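Trainee: These protein sequence lines are chains U and P, in that order.
Counted from 1, the first sequence has number 100 at position 100 by this note's numbering; the numbering is strictly sequential.
All you need for this note's numbering is the position in the second sequence, starting with 1, plus 189.
Don't read these hints as lab results, they were simulated from the structure.
Be aware that one or more of the hints could be misleading.
Computed, partial: chain P to chain U, Cβ under 7 Å [to be verified]:
(1) 244
(2) 265
(3) 267
(4) 294
In silico DMTMM-like pairs for lysine to aspartate or glutamate, Cα to Cα no more than 20 Å straight-line [claimed, not checked]:
(5) P:338 / U:173
(6) U:134 / U:120
(7) P:338 / P:292
(8) U:2 / U:140
(9) P:338 / U:176
(10) P:192 / P:224
Computed from a prediction, not measured in an experiment: that's the story for all the values here.
All residues carry an ideal CB built from backbone N, CA and C; glycine is no exception.
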Amino acid sequence: MKRAATVDRVADALEPGWLVVACNGMIGRELYTQADAPTRFYMIGSMGLASSIGLGLALVQPSKTVVVFDGDGNVLMNMGTLGSVAAAGVTNFYHVVFDNAAHGSTGDQRTISDSVPLEEVARAAGYRRALRVKGSEGLDAALATFFVDPGPAMLLVEVERGNQPGIGRVEPEPPELTARFRSAAMKSG
Amino acid sequence: MGKPFLDLLERLGYNFFTGVPCSLFTGVTRILDAEPRYGYLSAVREDSAMGIAAGAYFGGRQPVVFMQNSGFGVSINALVSLHQIYEIPALLVVSWRGQGGQDAPEHLVMGAVMEECLRLFQVPFAVFEPSTLERDLGGLTRTMRETRKPVALVVPKGMLQ
Numbered sequence: 001m002k003r004a005a006t007v008d009r010v011a012d013a014l015e016p017g018w019l020v021v022a023c024n025g026m027i028g029r030e031l032y033t034q035a036d037a038p039t040r041f042y043m044i045g046s047m048g049l050a051s052s053i054g055l056g057l058a059l060v061q062p063s064k065t066v067v068v069f070d071g072d073g074n075v076l077m078n079m080g081t082l083g084s085v086a087a088a089g090v091t092n093f094y095h096v097v098f099d100n101a102a103h104g105s106t107g108d109q110r111t112i113s114d115s116v117p118l119e120e121v122a123r124a125a126g127y128r129r130a131l132r133v134k135g136s137e138g139l140d141a142a143l144a145t146f147f148v149d150p151g152p153a154m155l156l157v158e159v160e161r162g163n164q165p166g167i168g169r170v171e172p173e174p175p176e177l178t179a180r181f182r183s184a185a186m187k188s189g
Numbered sequence: 190m191g192k193p194f195l196d197l198l199e200r201l202g203y204n205f206f207t208g209v210p211c212s213l214f215t216g217v218t219r220i221l222d223a224e225p226r227y228g229y230l231s232a233v234r235e236d237s238a239m240g241i242a243a244g245a246y247f248g249g250r251q252p253v254v255f256m257q258n259s260g261f262g263v264s265i266n267a268l269v270s271l272h273q274i275y276e277i278p279a280l281l282v283v284s285w286r287g288q289g290g291q292d293a294p295e296h297l298v299m300g301a302v303m304e305e306c307l308r309l310f311q312v313p314f315a316v317f318e319p320s321t322l323e324r325d326l327g328g329l330t331r332t333m334r335e336t337r338k339p340v341a342l343v344v345p346k347g348m349l350q
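Next comes chain U alone, as it looks inside the complex (with noise of 0.2 Å):
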């Protein structure tokens, strides 16, 4: 599967008052291009740190539903994090990793995420439930029932490398992300 319609999937099964942080670099432009809303934040900077920002959001926002959109680069850049969020018992988590075992970014450079399965990790670290999935029938599967179960959750989907073109930057200015964002997820109910 090519990762832009993937995010664009995962993307069209959350709910409207879910709240979504989306890490740096393809995957936040990918989600910022196609489905935009004020729910959604895009971290431009700060590589490794979506699953932090939400895990924050999560504790103090115990009634809403956080969903970070991660890449495979971002978890191993702050792998330690997996830990606190499962620590935490965060059960309104859930993290959906994009894994093309590249950094896609900056020129599809390799990972290491094809020789460590990050899903197991998130399992061997205390998530409730981890899994991974491959191919658009897998993860219709997946997705009918991932945001179902409480978290903490992982859904890793396996995505082909290579960048979709026309895909642009994150435009509105940061100051502008942040105060649309806190008054999304300040809104009750």
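Use these hints to put chain P onto chain U, whose structure you have.
Mentor: The following block gives chain P in isolation, referenced to the frame of chain U:
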């Protein structure tokens, strides 16, 4: 000194606590670890603590991040490419290991450049001084709210142990 310090933080509106410990503020972490009402999250790294603090701010809280100054080094990319550009306010409570060149070797370099480092990264800060703490922290908090960017309280040896 730990409890009055935490009381002061709460009076100033801080209501989310995370970080990585240092022996120079054990008087605070002892309380944070023991009393669930603070909801203290013991982070694995200082940059992760900064990310957790950012998430808590998005959810409506005003965070404090505790760290040793060695960990300030770890936190710098989060500070500049997350908090400062996105305007995410936080109080960083940073210990001052290596102050005056009197400490274990691993703390001497950061201890010597600590204040310069905070100035270089444009983090307004005050050094913990009991007689003026309330005023200093009040001033820092106002600056943090106005700029919506992190400020730091530097904690020398003996102040919060």
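Trainee: Honestly, which of those hints from before does the structure not fit?
Mentor: 2, 4, 7
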